[in-house]
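Peer 1: Spelled out from the first residue to the last, the chains are:
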Amino acid sequence: MTITTTRSRRLLAAAAGAGITALVLTGCGGGGGGASSTPKEFSVLTNAENTEIPDVLSTLSDDQCSAENKTLPLDLETVPQTNLDQRLQLLAGQNALPVMFSAGNAPALTKTLADSGNVLDFEKALTDLDAIDNIEPAAISTIESLYGGFNALPFEYNIEGIWYNKLLFADNGVTVPETWDELVTAAETFNAAGLTAFSASGDQGWPITRLIGNYIFRTLGPDALQKVADGDAKLTDPEYVEAAQAIADLGAAGFFGKGVGSIDADTAANQFMNGSAAMYYMGSWTLSDFADAERNQIGEENIGFMPFPSVEGGKGDSSQLAANVGLPATFNAKSYDDNVGAWLDCISENYGSTALSEKQRVSGFKLNTPVADIPPLTAEVQERIGATDETVLWFEALFTTKATTTSQTNAAQLVTGDLSAEEFMSLVQNDL
Amino acid sequence: MKQVLGDRKSILILIGPALLVYTLVMLVPVVWSLGYTLFEGNAIVGFTFVGLDNFARMLTDARVHEALWFTIRYAVVITVGQVFFGYLLSLLYVFVLKKSSGIIRTLAFFPVVLPTVAVALMFQKMFEIAPQNGLVNEFLNLFGVESVDWFGSSGSAFLVIAIMDIWRSMGFYGVLLYAGLVDIPEDVLESARIDGASGWRLVQHIVLPLSLPVLLSSIIFSINGTLKVFDSILALTNGGPGTSTSPLTIYMFQTSFTYGEYGYGSSIAFLLTLLCLVVTLFIFRSSRRDLTKG
Numbered sequence: 001m002t003i004t005t006t007r008s009r010r011l012l013a014a015a016a017g018a019g020i021t022a023l024v025l026t027g028c029g030g031g032g033g034g035a036s037s038t039p040k041e042f043s044v045l046t047n048a049e050n051t052e053i054p055d056v057l058s059t060l061s062d063d064q065c066s067a068e069n070k071t072l073p074l075d076l077e078t079v080p081q082t083n084l085d086q087r088l089q090l091l092a093g094q095n096a097l098p099v100m101f102s103a104g105n106a107p108a109l110t111k112t113l114a115d116s117g118n119v120l121d122f123e124k125a126l127t128d129l130d131a132i133d134n135i136e137p138a139a140i141s142t143i144e145s146l147y148g149g150f151n152a153l154p155f156e157y158n159i160e161g162i163w164y165n166k167l168l169f170a171d172n173g174v175t176v177p178e179t180w181d182e183l184v185t186a187a188e189t190f191n192a193a194g195l196t197a198f199s200a201s202g203d204q205g206w207p208i209t210r211l212i213g214n215y216i217f218r219t220l221g222p223d224a225l226q227k228v229a230d231g232d233a234k235l236t237d238p239e240y241v242e243a244a245q246a247i248a249d250l251g252a253a254g255f256f257g258k259g260v261g262s263i264d265a266d267t268a269a270n271q272f273m274n275g276s277a278a279m280y281y282m283g284s285w286t287l288s289d290f291a292d293a294e295r296n297q298i299g300e301e302n303i304g305f306m307p308f309p310s311v312e313g314g315k316g317d318s319s320q321l322a323a324n325v326g327l328p329a330t331f332n333a334k335s336y337d338d339n340v341g342a343w344l345d346c347i348s349e350n351y352g353s354t355a356l357s358e359k360q361r362v363s364g365f366k367l368n369t370p371v372a373d374i375p376p377l378t379a380e381v382q383e384r385i386g387a388t389d390e391t392v393l394w395f396e397a398l399f400t401t402k403a404t405t406t407s408q409t410n411a412a413q414l415v416t417g418d419l420s421a422e423e424f425m426s427l428v429q430n431d432l
Numbered sequence: 001m002k003q004v005l006g007d008r009k010s011i012l013i014l015i016g017p018a019l020l021v022y023t024l025v026m027l028v029p030v031v032w033s034l035g036y037t038l039f040e041g042n043a044i045v046g047f048t049f050v051g052l053d054n055f056a057r058m059l060t061d062a063r064v065h066e067a068l069w070f071t072i073r074y075a076v077v078i079t080v081g082q083v084f085f086g087y088l089l090s091l092l093y094v095f096v097l098k099k100s101s102g103i104i105r106t107l108a109f110f111p112v113v114l115p116t117v118a119v120a121l122m123f124q125k126m127f128e129i130a131p132q133n134g135l136v137n138e139f140l141n142l143f144g145v146e147s148v149d150w151f152g153s154s155g156s157a158f159l160v161i162a163i164m165d166i167w168r169s170m171g172f173y174g175v176l177l178y179a180g181l182v183d184i185p186e187d188v189l190e191s192a193r194i195d196g197a198s199g200w201r202l203v204q205h206i207v208l209p210l211s212l213p214v215l216l217s218s219i220i221f222s223i224n225g226t227l228k229v230f231d232s233i234l235a236l237t238n239g240g241p242g243t244s245t246s247p248l249t250i251y252m253f254q255t256s257f258t259y260g261e262y263g264y265g266s267s268i269a270f271l272l273t274l275l276c277l278v279v280t281l282f283i284f285r286s287s288r289r290d291l292t293k294g
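Going down the list, the sequences are from chains L and V.
Per UniProt numbering, residue 1 is the first one in the first sequence, and the count goes up by one each step.
Per UniProt numbering, residue 1 is the first one in the second sequence, and the count goes up by one each step.
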């Protein structure tokens with residue numbers, strides 16, 4: 001009897017020990033799935049709102065980059081843009097960043113990641129691959145001014161402005177506004193006709209803060225937000241608050257429609273594309289939405305583009321288009337090896353043409369294969385990019401992650417009247 | 001049984017694994033986080049020692065004050081709601097439905113087992129205003145009331161959160177308190193009835209005092225759960241509009257993982273821990289008095 005008891009006790013102890021070891025091992029093994037060294041897959045993490053990079057990469061993996069895909073298979077994952085910065089910081093902290101990932105919402109995060117050796121130096125990598133000529137120099141200079149170095153790839157090269165519904169403009173006798181006052185008058189006309197004047201996503205916030213940024217550039221000149229970043233001016237200065245007030249006034253007049261705070265990016269795009277909203281401030285990345293015949297009920301031919309209008313007496317003007325590289329993607333320096341290099345080489349050579357022909361996307365990659373039948377709207381964007389001498393950034397481009405989050409999460413409250421212009425600007429200024 | 005529990009080895013074997021896992025996943029991170037309160041930085045850029053700076057900063061940070069105030073408001077309203085409606089349910093089970101309460105109990109308990117995110121999405125749709133009216137706004141329109149942007153202002157957003165969280169968990173407290181109520185000896189109730197007590201008087205003088213211990217447990221349970229609320233608010237309003245429905249937990253999470261300030265985030269977590277401790281001590285203290293002795 002005693003022998004049996006002792007034996008079963010030993011067995012029990014052994015089983016418990018094995019259980020604990022297994023638990024500890026699984027617990028510790030969780031973080032090891034990352035791609036910090038010798039990746040086995042070409043893992044890509046992008047923001048869910050960007051459906052284009054995954055689609056184009058899939059096309060490339062079946063076509064021009066199929067050899068690279070064989071050695072290092074493409075593995076796609078997405079995360080909502082509002083959670084992107086969190087995810088990147090957590091992954092970087094665990095040394096588990098994927099091979100390629102969307103650069104942070106705030107360029108400041110990408111700078112931090114680059115300083116800690118997590119971001120590939122594309123200048124060197126592409127020069128080594130003899131592929132640096134595949135990138136447009138203008139795109140490289142935009143990236144350098146934003147990210148402090150060639151730290152991201154220009155998967156898109158955008159201009160921003162107001163897209164408008166030509167039919168609604170004609171029906172309501174509205175001509176394309178060239179000044180801020182004309183824009184407000186146009187909005188009043190649409191509002192009176194029972195239409196939503198501006199379709200905007202308050203859930204994302206940035207489509208609203210973009211308007212503030214543009215207003216600041218038009219009134220105070222293209223260097224106005226650089227002054228704020230350098231500490232030479234404050235967002236709480238009256239001339240900056242005036243910009244927030246101008247946008248708050250649009251909200252107070254009901255120009256954004258009902259429930260602007262709950263409207264997400266897709267809904268805002270749909271409101272414009274189903275003809276219930278007359279104007280839609282967005283970057284040219286939205287061209288791929290316009291090209292989707294199922295979603296776009298008003299037709300590409302009925303959509304026009306106007307730059308953000310000038311403000312009377314302002315130092316800036318409407319020729320200074322807001323330009324950017326969208327939310328670009330970058331590579332993990334720690335998992336960069338020859339196989340990843342092969343992918344990078346292939347992407348830099350083929351992405352430009354594939355994105356343009358498949359998604360009507362103008363990117364910062366050169367077109368190595370000529371693309372025929374470019375839709376008129378895309379051609380117009382290309383033309384405008386070519387004709388623009390001076391560009392401006394966006395409201396939060398030079399802000400910290402915290403100030404960016406504060407600005408974007410409070411934007412909806414500014415236009416619903418829950419925050420005054422002064423309160424909004426001081427909240428953002430406090431977090432700078 | 002006595003023999004098994006009297007043996008040190010078997011106690012070790014029985015408790016050991018659980019204790020080890022608990023230590024690894026709970027105690028070590030707790031102590032670690034406490035250490036972080038004296039540092040600033042994150043896993044990407046490294047840490048620097050800042051002493052008590054984080055606590056000093058917390059005193060003047062308006063967002064911490066706002067989040068603390070919201071957390072307290074939320075905890076009080078939801079605890080009162082959960083326990084009150086749970087108690088009403090349990091009274092309904094015991095005194096009205098009696099033996100046939102099974103189905104109602106199951107139905108009222110059902111929301112407890114639903115995933116929080118699914119419930120939050122359902123409430124988002126119900127209270128929606130754009131792109132189309134949700135159920136609630138449609139209902140209001142029936143009576144000629146204008147649609148309300150429920151998530152557009154902090155007051156109405158708080159109301160939706162409260163309705164959702166009370167609905168979601170009152171079934172649980174209903175069952176918990178029901179277990180306490182069925183423990184009240186039938187003969188005590190019987191003699192009270194013979195003495196002429198019925199309805200509200202029976203509840204006030206017999207049922208309430210006798211179910212006080214389980215009621216108190218429910219309150220402690222509820223208040224500590226609500227002080228630490230995270231998932232339901234994150235899924236329903238994400239702390240918005242702006243930051244007006246952000247409890248300490250969401251602000252702590254954002255500070256640590258969005259702004260990359262692990263030290264300050266840990267300090268906010270420490271504040272939350274203190275709050276839970278104070279509230280629990282307060283409730284335990286006040287429960288030592290015997291309420292039946294007026």
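None of these hints come from the bench; they were simulated from the model.
Since the model is a prediction, treat every value here as computed from it, not as a measurement.
Some clues are possibly wrong.
[What the hints assert, rightly or not] In silico DSS-like pairs for lysine-lysine, Cα to Cα no more than 25 angstroms straight-line:
# : chain 1 : residue 1 : chain 2 : residue 2
1 : L       : LYS111    : L       : LYS124
2 : L       : LYS40     : L       : LYS70
3 : L       : LYS402    : V       : LYS125
4 : V       : LYS228    : L       : LYS258
Peer 1: Which numbered hints does this structure break?
Peer 2: Per hint list: 3 and 4 violated.
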